[in-house]
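Required output: the full structure, derived from the provided sequences and hints.
Given next are the chains, with one letter for each unit.
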Amino acid sequence: MATSPLQRAQTRLAYMLVLPASLLILVIYIIPIILVFAASLTDYTLVSDHYEFVGLENYRTMFADEGFANALRNTFFYAVLFLPGAFVISLVLAIAIQEQKQFRSVLEVLYFLPVTSTLSAMALVWAALMDSGQGVINATLETFGIPGVNWFGNGNVVLYSLAIISLWSVIGFNMVLFLAGLTAIPQNLYEAAAMDGADHPVDKFFRVTWPMLGPTAMFVAVTSSITAFKLFDTVAILTQGGPDHASEVFLYLAFLEAFEYFNMGYASALSLFFLGIIFVFALVQALFTDRNVQY
Amino acid sequence: MAQLELKNIKKSFGETPVLHDISLDVAHGEFVSLVGQSGCGKSTLLRIIAGLETPDSGDILIDGASVTNSAPKDRNIAMVFQDYALYPHMSVGENMAMPLMMARLPLHARLPGMRSITPAGRRAQPEIRAEVAKVAAQLHIDHLLDRRPAQLSGGQRQRVALGRALVRNPQVFLMDEPLSNLDAKLRVQVRAEITELHASSGLTFVYVTHDQVEAMTMSDRVALMQSGHLLQVGAPNTLYSDPAILDVARFIGSPEINIAAGERVAGRVRLGDVTLPITVDGQGPVQIGIRPETISLPGVAGLATAHPGQGPSLPLNKRMVEDLGPEVLIHGHFAHAPDAPVRIRAQKSDSYGTDDALMRAESLTVTLNPQQLLFFDAHGQRLTAKALETVGAT
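Chains as they are written, first to last, in the working numbering: chain A, 1 to 295; chain B, 1001 to 1394.
Because the hints were derived from the structure by calculation, they are not lab data.
All figures in this text were calculated on a predicted structure; none of them were measured in a lab.
Keep in mind that the hints are not guaranteed to be accurate.
Dumping the calculated DSSO-like pairs for lysine-lysine here, alpha-carbon to alpha-carbon at most 30 Å [said to hold, decoys possible]:
#1 B:Lys1185 - A:Lys204
#2 B:Lys1073 - B:Lys1010
#3 B:Lys1134 - B:Lys1073
#4 A:Lys204 - B:Lys1386
Simulated coverage check for chain B against chain A, where a stretch passes if three residues somewhere in it have a Cβ under 8 Å from a Cβ of chain A [stated by the list, open to error]:
#5 1065-1079
#6 1219-1229
#7 1258-1272
For every residue, glycine included, the Cβ atom is placed at its ideal position computed from N, Cα and C.
Following this line, the structure appears as structure tokens:
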């Protein structure tokens, strides 16, 4: 291929411009992933300098491990609780706030406040609120004659409690995303809909709002799914996976294996599995949002 | 077909009044343009007719029945929006079917996915499809029914917007600057198509535009608006040749009408050193409106004379000449008034070349036709003028 000096200089410049970003991606993402993959093929532990190549043994253990199956079940169950709430409640709030004229910004700030707080600190506040003995929530329930709930001590309840806390912390963020999406819908589409007879709120929602929100909704769904699978800090602070592994979710299991039991090789295998799940979600988002580019 | 009446419509946005007491009658099948500069209130008035805005006071009647408090869909009015407002997620066919679906399907059948499941939906579907196809064929967009708006050209989108409005068989057709997003060539073509559509459908049209050429060429009557007031309503030619006030004369006509300062002396009007054979009542200064094509240049070869006979002559200092092919635009000013620009539009008589003498000349002598002059007082109100001792005067 014949290239002029100008073209060659431009090519060189182009490579130099992408170099810093490429280096960062390489150092922060690519190399660690390769190292984790390499570690997952060994029996490396933090307590011993000696390790051996074990092939796919860690993965075989993983799929046979009851703890892994339990963590996967817990994570999916938690996601099923968390996702509809994170999506529907924020969408309903966004639409309600969007139609407010007077207090819109005040409400926006109020709902967004939890996002700005540190979840690990707020988890302690929630622990106090949800305390089975002296918690405000149980006290309130009991004044209405409803028996109190053992929020963190009951294995059948603990995932609901964690989902409630996560919803509280994430709804404001999703709501702001939906608000941005709603604001971007051209007003004249609603006017055209009104002329066409679609002035019933249900029609307005299904004919204009929902289809026009498509890309935003996809983004919120995917980021919320990833958030659901990344559940860790409230578990680590409030339940440590208890009671009896009832709140042992996937990331917490990986953490336990790595930093409590020091099984780095096995923990690496768990991490790569987790990476695979996240990758699927990211792929879904990339595929579906591209189709909607023409909006 | 329907008769539309607006009675004493007033509207303010907060403290800002946008419409002051507008009354307007539109007859059955009439094409009325609301024309004016941006911000004059013409779009607000259209939106009030559509029901997208409510007037602070006043009444809107269609065929004698008040619709002031009716929802847009209950007025049997269709509207084409400036940027068409097509639903980007629907195909052309679905866009056009929307008004019919909303009118004919019960709410439960309109929910997503219910159209083909519910009996009501299944019953209405073929009928709706047939009607959409009919209107699409009429507008020559039947081959586009499966496309999305994003895949269409500007002109095609325009037709889809027209189709969506037509398919519901409205009584009144509203258009908000429908040509402003089209390129110049397409604009002329669509202009003609809309005029034809009006003629063939016999519907009552209300058309908003800031372009006086559109208003003049398409309408039966033009309603000229300025700062929330209706200045004058009349046939295009009436607004052009018989404007009630100076602002109307200024807005209608391209190039803009020339305004020369004159003086009433002993019942006659003086322009510079010339006394015009015109009497105008009252005393003091007058503003003389001179249409660019009514000025003749008898001394210049190759230009057609705009009017026969003699008229008062004035010296003009030429600044430049624009050659448009069949005609020329001459820019300059009367010798006695260097601050008031004068534009002259003159047809070429036979040759398509430009006269060298005209190009070189620095000063020209121009002749005015006293009968075609328009006189306004200092406030812009039209003055009645009477021509004296001129050939053919009545």
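I'd like to know which numbered hints this structure contradicts. Please list them from smallest to largest. 1, 4, 6 and 7
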